[in-house]
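**Q** Quick note, the sequences are listed as chains A and B, same order. Here the first sequence stands for residues 51 to 324, where the numbers follow my numbering. Here the second sequence stands for residues 26 to 607, where the numbers follow my numbering.
Be a bit skeptical, because a hint or two may be false.
[Said to hold, decoys possible] Computed from the model, here is a short list of chain B residues facing chain A with C-beta under 10 Å:
| id | residue |
| --- | --- |
| 1 | 434 |
| 2 | 466 |
| 3 | 606 |
It should be emphasised that the hints constitute simulated quantities derived from the structure, not laboratory data. Every residue, glycine too, gets a C-beta built ideally from N, C-alpha and C.
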Amino acid sequence: MKSFVSRRLYSATLMVVVLALLVYWTLQQKWTLGHSSFGTGYVLLATLFFLALYNIRKKLPVLPWASSSDWLQAHVYVALGTAVLFGLHVDWRLPTGFLESTIAVLYGATFVSGIVGLIWTRTIPAKLARVSEEVIYERIPMLRSQLCERAQEAVLEAVRSSGATTLGEFYSERLHPYFESSRRIGYFVRPNSRLRRRLLAELTEMNRYLSPDERETCEILFALVRRRDDLDFHAAMQWRLKMWLFLHLGLTYPLLAVASVHGLVAHLFDGGVL
Amino acid sequence: MPQMEVIANRPRRWDVPFGDAMREEDVDKLLQIEPFRSIDAERFPATLPLRGILKNDARVNYYPDGAIIVRENDYGSSAFLVLQGRARVVLAGLPEEVLGRPAQTKPGFLKSMLRQWRNPSLPEVRNQVAFESDLVSNDSHEVDELAETRVFVQDVPRLLENSRSVVLHAGEFFGELAALTRSPRTATVLADGEAVLLELRWQGLRDLMRRTDALRQHIERLYRDNSLRVHLRETPLLAQLPTEHLEAVAAAVRFETHGDFQWQDTYEPYTSKPAADAFASEPLIVEEGSPCEGLVLIRSGFARLSHHFGNGHRTIAYLGKGQVFGLGESIEQVAVEEPVRAKASLRALGHVDVLRIPQEVMRDHVYCNLPEHLLAEAAKKHALYCTKHFCSQPGKTLGGEQTQVETPLLEFLVERRFINGAQAMLVDLDRCTRCDDCVRACAATHNNNPRFIRHGPRHGSTMVAHACMHCVDPVCMIGCPTGAIGRDMATGVVEINDLTCIGCSTCAESCPYGNVRMVEARDAGGAIMFDEVTQQPIHKATKCDLCVDQPMGPACQHACPHDALVRMDLGNLGELSHWMSR
Numbered sequence: 051m052k053s054f055v056s057r058r059l060y061s062a063t064l065m066v067v068v069l070a071l072l073v074y075w076t077l078q079q080k081w082t083l084g085h086s087s088f089g090t091g092y093v094l095l096a097t098l099f100f101l102a103l104y105n106i107r108k109k110l111p112v113l114p115w116a117s118s119s120d121w122l123q124a125h126v127y128v129a130l131g132t133a134v135l136f137g138l139h140v141d142w143r144l145p146t147g148f149l150e151s152t153i154a155v156l157y158g159a160t161f162v163s164g165i166v167g168l169i170w171t172r173t174i175p176a177k178l179a180r181v182s183e184e185v186i187y188e189r190i191p192m193l194r195s196q197l198c199e200r201a202q203e204a205v206l207e208a209v210r211s212s213g214a215t216t217l218g219e220f221y222s223e224r225l226h227p228y229f230e231s232s233r234r235i236g237y238f239v240r241p242n243s244r245l246r247r248r249l250l251a252e253l254t255e256m257n258r259y260l261s262p263d264e265r266e267t268c269e270i271l272f273a274l275v276r277r278r279d280d281l282d283f284h285a286a287m288q289w290r291l292k293m294w295l296f297l298h299l300g301l302t303y304p305l306l307a308v309a310s311v312h313g314l315v316a317h318l319f320d321g322g323v324l
Numbered sequence: 026m027p028q029m030e031v032i033a034n035r036p037r038r039w040d041v042p043f044g045d046a047m048r049e050e051d052v053d054k055l056l057q058i059e060p061f062r063s064i065d066a067e068r069f070p071a072t073l074p075l076r077g078i079l080k081n082d083a084r085v086n087y088y089p090d091g092a093i094i095v096r097e098n099d100y101g102s103s104a105f106l107v108l109q110g111r112a113r114v115v116l117a118g119l120p121e122e123v124l125g126r127p128a129q130t131k132p133g134f135l136k137s138m139l140r141q142w143r144n145p146s147l148p149e150v151r152n153q154v155a156f157e158s159d160l161v162s163n164d165s166h167e168v169d170e171l172a173e174t175r176v177f178v179q180d181v182p183r184l185l186e187n188s189r190s191v192v193l194h195a196g197e198f199f200g201e202l203a204a205l206t207r208s209p210r211t212a213t214v215l216a217d218g219e220a221v222l223l224e225l226r227w228q229g230l231r232d233l234m235r236r237t238d239a240l241r242q243h244i245e246r247l248y249r250d251n252s253l254r255v256h257l258r259e260t261p262l263l264a265q266l267p268t269e270h271l272e273a274v275a276a277a278v279r280f281e282t283h284g285d286f287q288w289q290d291t292y293e294p295y296t297s298k299p300a301a302d303a304f305a306s307e308p309l310i311v312e313e314g315s316p317c318e319g320l321v322l323i324r325s326g327f328a329r330l331s332h333h334f335g336n337g338h339r340t341i342a343y344l345g346k347g348q349v350f351g352l353g354e355s356i357e358q359v360a361v362e363e364p365v366r367a368k369a370s371l372r373a374l375g376h377v378d379v380l381r382i383p384q385e386v387m388r389d390h391v392y393c394n395l396p397e398h399l400l401a402e403a404a405k406k407h408a409l410y411c412t413k414h415f416c417s418q419p420g421k422t423l424g425g426e427q428t429q430v431e432t433p434l435l436e437f438l439v440e441r442r443f444i445n446g447a448q449a450m451l452v453d454l455d456r457c458t459r460c461d462d463c464v465r466a467c468a469a470t471h472n473n474n475p476r477f478i479r480h481g482p483r484h485g486s487t488m489v490a491h492a493c494m495h496c497v498d499p500v501c502m503i504g505c506p507t508g509a510i511g512r513d514m515a516t517g518v519v520e521i522n523d524l525t526c527i528g529c530s531t532c533a534e535s536c537p538y539g540n541v542r543m544v545e546a547r548d549a550g551g552a553i554m555f556d557e558v559t560q561q562p563i564h565k566a567t568k569c570d571l572c573v574d575q576p577m578g579p580a581c582q583h584a585c586p587h588d589a590l591v592r593m594d595l596g597n598l599g600e601l602s603h604w605m606s607r
């Protein structure tokens, strides 16, 4: 089993060597007063199609082609290499025309979304693994409603057995909205534990006014608040992992389309260079 | 409006007999010979008569001279009784090229593409059985495959020149070991001249043994005698022992069985107990600090190696089939000529068969026949039990496979008996992005039905997902009335024959890990199939089949972009250790 470090070293070395050869080739073209833009354009377009092919491979898992992990490795290093290739293609200058600028923006957005995705896919799983419970994304709404029911039942039981309504009132005012509703979009963008901390602090404060029966229920509520927060954290992080891919893929296809049009236009107006 | 329900026939145990149908007169003849003559037919219930078992769970096979009856290392699920002629059991391994094992054929690119294209959009769609031939169960594969490929061993005397073999005559049984323990064949058996054999599938053998004490004792004796020498020969230090000394060792060996054969029944209460109570409930085989009384060989099952730590016990390692306990202490005792005490305890996990070789037998028949350097090497290898937290000889390292696995993970794997898994699905939660590509890939290769759940018990960032582990001891197979669940002959993968599965859910209830799921079968239009007689939905047992028919192996592992998912033999700690430290 190859270690991740040795795999990274091998792939990075290969990428650097291939890029060095490409740079050398473009320089050679320049020294001989030739045009490298068509050559780099072809390579760039081919790499973009290759990068997009990974999604097709994912959709056809039964086919006997290389493993998804190998594809991802190739996808990452080829994509990183396209940054240099893009620079060589545009001769390290800022694009000017509408079509060029559109391609540059689309390429930049796709590239950056890929880099962000790479960072997230390498950091978020470890954060999720630190949460005490592992949950499947699609089950989160069901688990949330179960928690809400359990909290409600526990409080009703406490009210029935103790005859006191202190905890019941606190629950209906502060905790029920928390258990019943979803988090705001801000939480999904930047999950934090502020609400959990605040609710737990309020519950702790409330504890001094509770009867013994209510205190027992209060302990249950402590656990349920924590669990709900863990579920929300899972929901936010897993949503983020899904959404970035959606965005990345959403940018890929317009980029391919515009880049193909650009290639066609370049051929139509090649001015006899070819 | 689409039809919601459709009437179908639920398959039954004896819908199709085992191989070619036995005639009534064949059954009559069998009932005239031993051991069937002595069996009391009255002890069998009306639903499972003795005649029915012989008619449907047995078949008579003819073998020409030199024909291979069973092959070493194939997973067989039937036992044989020699009716006429002789069978030769070849104890030493024959070369692979003479055994005629067929190459595995996998579909190519186009076939795979077509397969995905044809996947039904509805879940659990089944075609109604069109031909009875479709119902042939897994059990008949072994003999059919050998017959179809017409494997003969040419020039038998020359081939057997360097092999030890035993000849079996009419009335003798063989193959019961693999059939009853769900393990691979330990020897190749050839027809020695023309031979006629009765083949009995394991369900039939099990039912006969349940109701016939004499037959059960006879089979158990054979089971012990036939496997003992093979097992001893596979044990380090005994492999090269001269025959007369090996016989002396064999005569002195004590057989012991610890724990329940059907351990899955106690799994749930066992795992829900506090760790200390669960540990205390494990049958003790050897206690730490007790005087060394010889060698313990694990014949089947698993045992936990532990030592006292604080107020409890810490797991050091686990031993499986073919592994040895106490060799270091035994050699040390001979070297220092003083009593040596066991450095660790050995406890049964589930059901364990062990062989004990007394210390004086080891001293008189084994150690005296071995050169000192071999003894020293063996002592070194077996004297150390190391994990990150414990080493039986501080300051030393084993250099072997068990040094890198952390004790808490080891405890987790042992307590939940995941060590039974030969192809467990491990997920590294530090790398898993929860993208579900593995689940989608599994569904794409199984008619749009995922055959595992990406969820399960976890320890730290390692999760053992709910996917069939293709266990070393697949207890799910024990109760299957039709033999629909069985091992693939060549690979040992546990498969379910969907056509012969009667949906009794015995396997799902037996699987201690909850990795077999029952589903409601539908027809192509989405209507749920109902049994004509009971008017109940027809259920089918489903589980991971390790994508045996896929060109790239398990689709789940192949589809994971982040190397977070792996199928792994948890009996091999070295493999686990490598994976953990990538």
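**Q** Each hint needs a verdict: does it hold in this structure or not?
**A** Checked hints:
no.	hint	in the structure
1	434	violated, 14 Å
2	466	holds, 4 Å
3	606	holds, 8 Å
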